[in-house]
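Keeping their order, the protein sequence lines are chains A and B. All residue numbers for the first sequence refer to this note's numbering, where the first residue is 1 and numbers rise by one. All residue numbers for the second sequence refer to this note's numbering, where the first residue is 1 and numbers rise by one.
It is worth saying that the hints were derived from the structure and are not from the lab. Wrong hints could be hidden among the right ones.
[To be verified] Computed footprint of chain B on chain A; a stretch qualifies when at least three of its residues, placed anywhere within it, have a C-beta under 8 Å from a C-beta of chain B:
(1) 19-27
(2) 60-66
(3) 93-99
Glycine is no exception: its CB is placed at the ideal position from the N, C-alpha and C atoms.
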Amino acid sequence: MSDAFRLLHSADLHLGRQFGNLPEAVRFRLIEARHQILPRLARAARESGARDILLAGDTFDSETPSAAVWKQALNAMAAAADLRWWLLPGNHDSLAAEPLWEALARHAPPNLHLVVEPAPVDLAPGVVLLPAPLPRRRPGRDLTRWMAEAATPEGALRLGLAHGPVLDFAEEGSAADGTIAPDRARQAGLDYLALGDWHGAMQIDPRTAYCGTPEAEGFRHAGRGMALAVALRPGALPEVARLPLGQFHWAEVALPLVPGLDPLAAFSALLPIDAAERRDHLLRIRASGRASLAAHQALQRAAEAAAPDFAHFRLDTTALEVELAAGDLDSLDHSGALRNAAEALAAEAADPALPPETRRIAAGALTRLQALLDTGA
Amino acid sequence: MRLRSITLTDVRQFTRPVRVAGIGDGLNVLSAPNETGKSTLLEAIHAVFFLRHSSKKLGDLRPDVGGNPEITLELEQNGAHLRLHKRWGRGAMAEVWRDGALIARADEAEALIAGLTTAPEDGGPSGLLWVRQGFSALDEGDKATLKGAQVARRDLMSSVTGEFDALTGGRRMDRALSLAQAEMDALMTQRGPKAGGVLEAAVRRVADLAQREADLDARATRLHTALDQRRAKRRDLAELADPVEVAARQSALLAAKTALDAAERHAGTLETAAEVLKSARIERDALRREIAARGDLTAQVAALAQALTRAGAADAAAQHHAGAARTALLACEARQATARDARREAEAALQTALRLAALQAQRARHAQLSAALIEAEALALGLGALRQAAANGPDAAALQTLDDAAREAAIAEGLAQQAAPRLALHSQPADAPPVMLDGAPLGPDPRPLTQAATLDLPGIGALHLTPGAAGDDLRLQRARAALHRALDKAGAATPAAARAAALARAEAQRALTEAQAALRRLAPEGLDALRADVARLGAGPDTPPADPAEAQARFDSRCGDEALAEADTARARITDASAREAALAAHLTAQGLTQRLSEGQDALAALRDPALLAQALVDVEAAHQAHTARHAALLAAAPDLPACRASHERARSASERAISDINELRVTLSGLDASIDSLSGDGIDEDLADTRLKLGAARADEAALRHEVEVLRRLILALTQARDAARERYFAPLLAELRPLLRLLWPDAELRFDGENLLPSELVRAGRAEAIGTLSGGTREQIALLVRLAFARLLAKSGRHVPVILDDALVFSDDDRIEAMFTALHAQAADLQILVLSCRNRALRPLGGRKLAFETLT
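The shape of chain B in the complex, shown without the other chains (with noise of 0.2 Å):
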């Protein structure tokens, strides 16, 4: 269907007849000021689609003014023209003209009316495609409306890619998801099994159990091993606590003490054998050592005295020495003073010598120095003459300036002289007196003229020449007063004579030079300086010559002589020293060796008769052998006395050992007694039994359960996947359409439908989904109009062609996202009629379209 022109007349405000004409297919834009009608425009379209020509309602089209509204529409319809006219109040009426030609009135008009096009509160397309002022978003609208719309939107997407809850399975898919869901939520949640649900409880009873489990079979671990413990212990106290082995313990122990009694009897006696042996062989030895005692005592008094001898003959000895070293001394000490003297008197004579040899050098340094003197004066008195002559004539720069000028004058007398004529005379005869210019013969080499100048004409007269400027005149002349210049300041008249006078300068500042170092070779301090020394030495009294080296050689000797006695009287006081010493050393040796000998001789009578001492000992060897021979024979019988204590020491040990063991097994058993008996009152084996096999049980329910959660998992992702998959395939058509114009907007935008109602949930963009509702207002109002455009190209893709119909439907939008609006708009206005209602003249200039006006009829 194309709308082409719509007539009102007396609709709201317009009382008189206007007409929107001329629109076309693409995109038709009428933009007028406020309240001038544009709505009214839609919503006479609405009634001549929707509005009975007999209701009484007109809503909206009642007349300002009062009056029948009446409405004409032209459209196309599958190529026809159609002419749909109608009236409502007095005069109702409801026409319906093809090509022409009047095809129907009233019910009938009604009827074929109505097949054009469906009611959107029916499901119509104009639901979707029709936006009112103030509705532009998707879900704006009264309840029937929306409705309408859904119905619209369901029946478009059915048509194309089928039912909706045939695709998704519908209320039975959700059933089973739901239920499968259910029973999965009361199973899991996101981290785990869900507490308080079944299968938390399973792995909580499984948890419980295998513990108890463990601390059972501990405990059943622990009165098992106290059985076992208990059968060992009772077969040991058993064993030791048999009467035959009591009683063989016994046995063992008596026959081992008793003979241990008797092997510590045996060794008593022995004991006191060898104590005797002991006592005969210590008074043998006494008697021995008695006898040998005298004999050393008599040898030692023997020797004693032959020492004192020779001590007495060694003090008298030494005696002498020690008077002898003192002599050798005291000569010492006396030839030491005197070379102590001989040395002082050569001291003095050094003394007078080297005073006699300063004065004489003294009398010569004043010689010198006067000679000197007379020098430097002589020299000084030279230097006047030849300061001045050193400062006269030219320096160097006053040289080098005239060389200078000389050289210029000369290049430029040298250019001039080029430059000016010259004069050369041929052919004279011989015998012709001379021409002369300025006095000298003129032959023929040229001369030039660089001045005035006269030549004689021999028989002639004078011929003055002025040869005026010739080249470069004015340099000649300037460099030949330089030349004055330099030659002025160096004081000569001629260059040479200039460096004649240089070089006498040069000469003389030599001389100078000289001078001056041979002034400060004599008088390095000046010449006061000098006149100074020379008067402080003064020529000194006339000595008589001296020999200081012969003085000083002389008490050089001396002072060798005197060191030499010196040596020798220090080693005569030691040697002094050393006889003193041995002299009283010696003297104590006799003394001592005279005290020993008195005590020996006193000790030698203290001593027994040797003949008693002799018999004594005869006595006591004959005992001490009778006892040796008692003694080694109870040695021989002696029993081991080790073994027999090590063998009543085990003996008695392991008696008490027995004893001891015993008593700690009925200690022990008492203990495993009361253990076993509380452990074994409990029914431990039952219970454990029991308890493994509880959580057997309880794991294969768990595994159960488990396995109930993968198979709800996999139904759960199965479900899911063909839901998702299946909505995939219902909505892509649409999203075919939509996904160019949201791309206009935002480069890799999606939009995500819900599958009830079929209209936009979420926005994707950069990967980001937003709900739909927290969106700016903008934005969902540039949504809900591409999602119509969207739909219409559906539409018409189907064969359904209805006009879209916006009325203001983007007052929301910014002047960037506008822009991109228009574009989507004129994209989409290739294949639809769009009819774009607005006031906004401005901001839809650019958006381009036929123009369309309210145009007032006559």
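If we strip away everything but chain A, and leave its shape as in the complex, we get (with noise of 0.2 Å):
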């Protein structure tokens, strides 16, 4: 074989997942996206000339997904006819979710391939598919081991399938429930190892990677979902190729703060340049350290300001402590009874005997009367 076996490599789509814990606004925006994802794939492996799409797991989020959403995916990736799918059974759609395989089963269309027996495959003349199903949510031992085995034809490309951790990603599960060998690709003899289960791409050797999920789905990963063009030559290196599938872009930042510091600036700095980009960005900063009452309220305004541009925006500075600057005090009262109301909510939230908690709501009074008094004006 001259030419390159191409071939797109993702998983975890976790087709079905709801996002209960957002807005109702940016929900049905991931569904929907998430529902995309499969004519993306579809699309991203004719433009690398890929014929073969394999799922490498966690195709659906759920052992039993609302038959809208399997037969929807049905239908889409029979759309794709053209191409063929390969559906491995990952931990959250294991073998033990019977009604689901046995829907599939009857409803696959043609380009479907469900990988439920841990037997050689043959893919393509000259390419072998040795996959390693989860009969159970956590099988409790490295399914790939039976692979070292498994007799292929002499100079066939031996592709290696598999889903669950192969370091102690504690994504889901212990660090004991079926570890991959990190060398089962040199063990087995496979020219590559598809993986998946973690949600961020990651290459563990030349031979063996994770092709993350195509659309994130938390901020855990940052960044926009992908999958993995691999090429194949027998006897070389696979090309693997990060292909940026996502809507979306996930990420979590952090705001340090001290007094003296911009905060508006550093809070600016913090969000993607491009105003239009942000509809479709899910941001998070947690604010911590210290700023003064001013500080506070200004990150307030400017998180509230920027908040609509995204697609889901929150400011959390829990962490982010109160610290009376000169003239923060005055800026309440020079004198009388709100000066005093402010001195006494002041030292108390600086008063390190008491408990953090009590800490934090003088600190909120604080902020707060600042807000209301700035309202006012």
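Using the hints, put the two chains back together into the complex; each one sits in its own frame.
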């Protein structure tokens, strides 16, 4: 085979995820974006010259996806009739989900192949797929072990397809549940081992890779989702290219502040420059450190001003303490009851002998007082 | 400023000049009837300060009968004596004199006067401290007056403690509090999250989501449980329905059946052989029994014959014995009759002897009673004399009286003698004849003269001596008289005779008692009864002597004999009955034996010949042995039938069980399929994961809202506390002045003030706050006055002395409260000038103070 065998490596689509912890307005967009993954994968496969799309587990978010989810997924796969989809059971959609796999088996279009047996599959002439489907959510053993003993025709490309942790990801379950040997590709003489489970793209070794999820769904793996376009030639290392596919960009960033630092500048620097882009951004900023009352107010105002640009935006100031600047109390009042009240709150917020929650409440009361007085100004 | 005098001319009713002079520091009281012009006085003072001389609005100054009002006010200010003189109307003028010198006129005078104090509508202190009649309350008056008073209060307080708003935060504080409270109210009520509010919605959402999570979790658990069950059931079904397993079960069943059939056939053969053997045994045993029976029967017949012989002899003996017993019985009965007759005879003799003895006893008793009667009659005769003797002489009481009288007489005698003159004769010649006193020689021993006495002087004559009353002669006389009476009563001449008579009486009494006792002993029932007994008994016939004891002994002996005869007869009767019974039994036994012997002989004749029996027994024994051997061989070769049955049953049961299990599994799987299809079609796991995310977010929202509530609560508390502290500081000086005044009326009272209008809002007494508006008119009046006095003190302390003028300011107060108010006025008057105008002369009399009066000027 002189031409490379090309495939698209993807996993962890988690079709059916509902994003219940996010506001309604962005939830529906995220759900729809997940459904659009399949056409985008098909497009990416075609653009990269691949005819086969390997889905290394967790195609569905649960063992019992609704009929709408799996049927629409099948329809989308069927629509890309020029491509072949290879579906491996993961830990979220293991073979223990019998109704799902029975339904898939009954309704699968011709171009959808359910790899539910740990046995070699002829992917193409000279290309053999060695899958390690998960029989249940936590198999408790390395399901790729059999690959080393699997016999394939001489000179054929050996492709491994598995789902599970190589390292102690703590993504799901414990490290002892079915950890895959990190050098499985070498042990089993694989030309490429396509892994799923970790939602961020990660190259384990030249022949082993996690593709990540094609549409990001949490702040843990910042950025957009992607897939891997893999080109294989016998005896050569695989050529792996990352293809950004995700619609939404997720990011959680820290905003450490100290008095004297321009909070607004630091805040603005964390925002995407292109305002139009922000519509597909989910951004969470965790402010920490210390800031004056005015800085607190300014940050809140800036956050309120910036939030509508984003699909989802949140400024978390739980860890941002109040440090009173020289003129902070004067800005409330120079004397009198208002000043006295502010001083009492400030003292309480700074008293190390008090419980942290009490201090936090006092600091919150102080910043609220500032805001109320500014409202009347 | 201190007022000193005021002169009015052509002011209202004052057509002629009047002056109120001598207004001093401290408390001044102008008490006059109504319509005298007291209120006019206040208006006049007011006009001097605040009504320009050019003003045409004379109002209350306008004279009743025309004229041009003119007022002169003398006062002291900063050590200077000022005279303010104004006229309105025609010839309007204004002058200010200081220390007797004119220093300003017209507008200049007005400017000077205006500089002395600020108009009330501009916040001058007079608005606070000059109280018109009927406007004693702090919140009474026209709008301008009220506003001016408020300004005055505020200016005063500000000058003392600072601007109220500056201290309390003013509008900014109010706004911040209002906004914070509004935000709090949107979230919370007193009882918890506000219904329909954001927090309540968050709490409800958390609860709903938690419930939904629980429901979904339960459903998901049921689904996964069903999946696990179905997986297990399918596995079981696959095992059971495996063709190899099925064939194995069928083969095992067939083999077990074959073995069982063979074992059952063998068992049948063995049973038949056992039956044959049993028959042979039975036949053999029957022959043996027959032979044995014949032998037994023969022996039995022989025994019966012997027994019959013995029974015949016993029967004859029993009959003989019965006859003898009858004979003995008859003899005993005869003896018993004889004993009975003897006993009857002895009894009769005893009766006779007893009768004779009774007669003899009767005669003896009669003799005894007759003797007693004779003695008793003699005693009865003597009783009369004894009674007579026992009644003579003095009794013990009389004797005692006599003894007492005698003793008293003796004492009286003794005393009389002691007191009586005594006469003794000394140195009588030996041969001289004795001198006799009352016939007794008189010697050297003194002899008392208790009564007249005669002294015989031989050779001389008789000397009659009459001693007269000596000592207690009366007592002696009384004693003697009493003694005489006692002797008379005793019936004796002398006490000794009386004692002897008393002794004789006692003796007679004793004899009488003894006679009476003897009589009672002889005739306990009385003499008549004794006589009757004697007559009744009579002497009786003379009878021969009888010996009842001997007759009794003889009778007892006969009774014993009869008892013995009766006992013998009873024993004989029993013996007779026993003998007759024994005879009957022996006869019956003999008869029975005869019957049995006959039957035995008949049975023996019916049995077979012994030789034939022996031969038959030999043949049967041989057949039995042969059958026994065959049976033993069959038994040794027999298979274990129970084991074969158990194996067959096991195989059959396993096969049926497998079929049943397969059917049951199919049914169960069908049900599980339906359940799983139903549960899994709804996307439960998706829904559950989504719900959990929502629940987490909802809980975070609720926590954030609750944090918000805490922040607002803390803020509101901080602001409220700061504001209240500021208010306290603001009102502290005023309250310090007011507190001792309030305590004159109520021991623990406090006033709270409204921060806006600086008027009292609540009165706190005994820990209970009362709104000012709810208090009585009198209490409000008193509070108003005390507040004005407190303000006056504050003004004075800040260097601005303004007199307090009160025109009938205590109209609603009762007597007790008026006294307390007087005390307050006096307490304040030390530092102030107070002018009290009132028509209540009597009520104000205890007020004290300097008395003012209208003085009409010529």
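Hints, one by one, checked against the model:
1. Counting residues of the segment 19-27 of chain A whose C-beta sits closer than 8 Å to any C-beta of chain B gives 4, which meets the bar of three, so the coverage hint holds.
2. Here the segment 60-66 of chain A counts 6 residues with a CB under 8 Å from a CB of chain B, which clears the bar of 3, and the coverage holds.
3. With 4 residues having a Cβ less than 8 Å from any Cβ of chain B, the segment 93-99 of chain A passes the three-residue criterion, so the hint holds.
Violation of the numbered hints given earlier is absent; every hint is satisfied by the structure.
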